[in-house]
Amino acid sequence: MNNKKVGDLALEQQIFGTAPNKALIYESVKNQLINRRQGTSSSRNTDLVHGSTAKIYRQKGTGQARHGSRKANIFVGGGVAFGPKPRDYTYTMPKKAKRGALRAALALKQGEKKLHVIDVLEFSEMKTKQAVAFFKKLEIKKVLIVADNVDEKVKKSVRNIEGVKVVSGQSLNVLDLCKHEDILFTKETLEKIQERLVS
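In this note's numbering, the protein residues as written are 847 to 1045.
Wrong hints could be hidden among the right ones.
[To be verified] Derived lysine-lysine pairs resembling DSSO-like cross-links, with alpha carbons at most 30 Å apart:
| hint | residue 1 | residue 2 |
| --- | --- | --- |
| 1 | 1033 | 987 |
| 2 | 1001 | 975 |
| 3 | 944 | 1011 |
| 4 | 959 | 983 |
| 5 | 1001 | 960 |
| 6 | 1025 | 973 |
[To be verified] What follows is a list of derived Cβ distance ranges for each label pair:
| hint | residue 1 | residue 2 | range |
| --- | --- | --- | --- |
| 7 | 912 | 882 | 43 to 49 Å |
| 8 | 936 | 1006 | 31 to 37 Å |
| 9 | 929 | 966 | 53 to 59 Å |
| 10 | 976 | 1037 | 24 to 30 Å |
| 11 | 905 | 881 | 46 to 52 Å |
| 12 | 966 | 943 | 30 to 36 Å |
| 13 | 899 | 1009 | 53 to 59 Å |
| 14 | 928 | 979 | 53 to 59 Å |
Honestly, the hints are just simulated from the structure, not real lab data.
Here the structure is a predicted model, which is why all the values come from computation and not from measurement.
Every residue, glycine too, gets a C-beta built ideally from N, C-alpha and C.
Kindly produce the complete structure, drawing on both the sequences and the hints.
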């Protein structure tokens, strides 16, 4: 791991040779974030507030405004008008659009020179210090490591570093690509991803 060129990797033009569709990237990120929403927010309307529905004072003759129940939404402790109710926010994005967004996000990172590929990812020891030194040598930070069958030494060495995340090629998503500054692929994993996205 000396930050030296050891070979060439052919990049698919269908992915990296096109202008990134930023609108599609936005839609994919929005979809992922909205699907995380619990949708459990709930408020009590006039019916659900505990209390009497009796008129608080007579209609005429008091000199005050006309009022009915103390549970009305204009009173402190009254019901909420048009408040939130539990609902399901999730929606499914078409597969074609999902794949297009992933292609666009990869092309964007490549255009920013933030996409890095290494032949193999392995550490001699299970030490955070070694991982930090490795990232420093590659001049990368806040990195997303995309690799299949990652060695346990690597996982445990990077898990305590802020801004570093390890995902498999199958789990790669647009939100993670956008959140991280640099993307580090193993050669084998990137080849598999390219094959999947152009088929």
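In ascending order, which of the hints set out earlier in this document are inconsistent with the structure?
-> none
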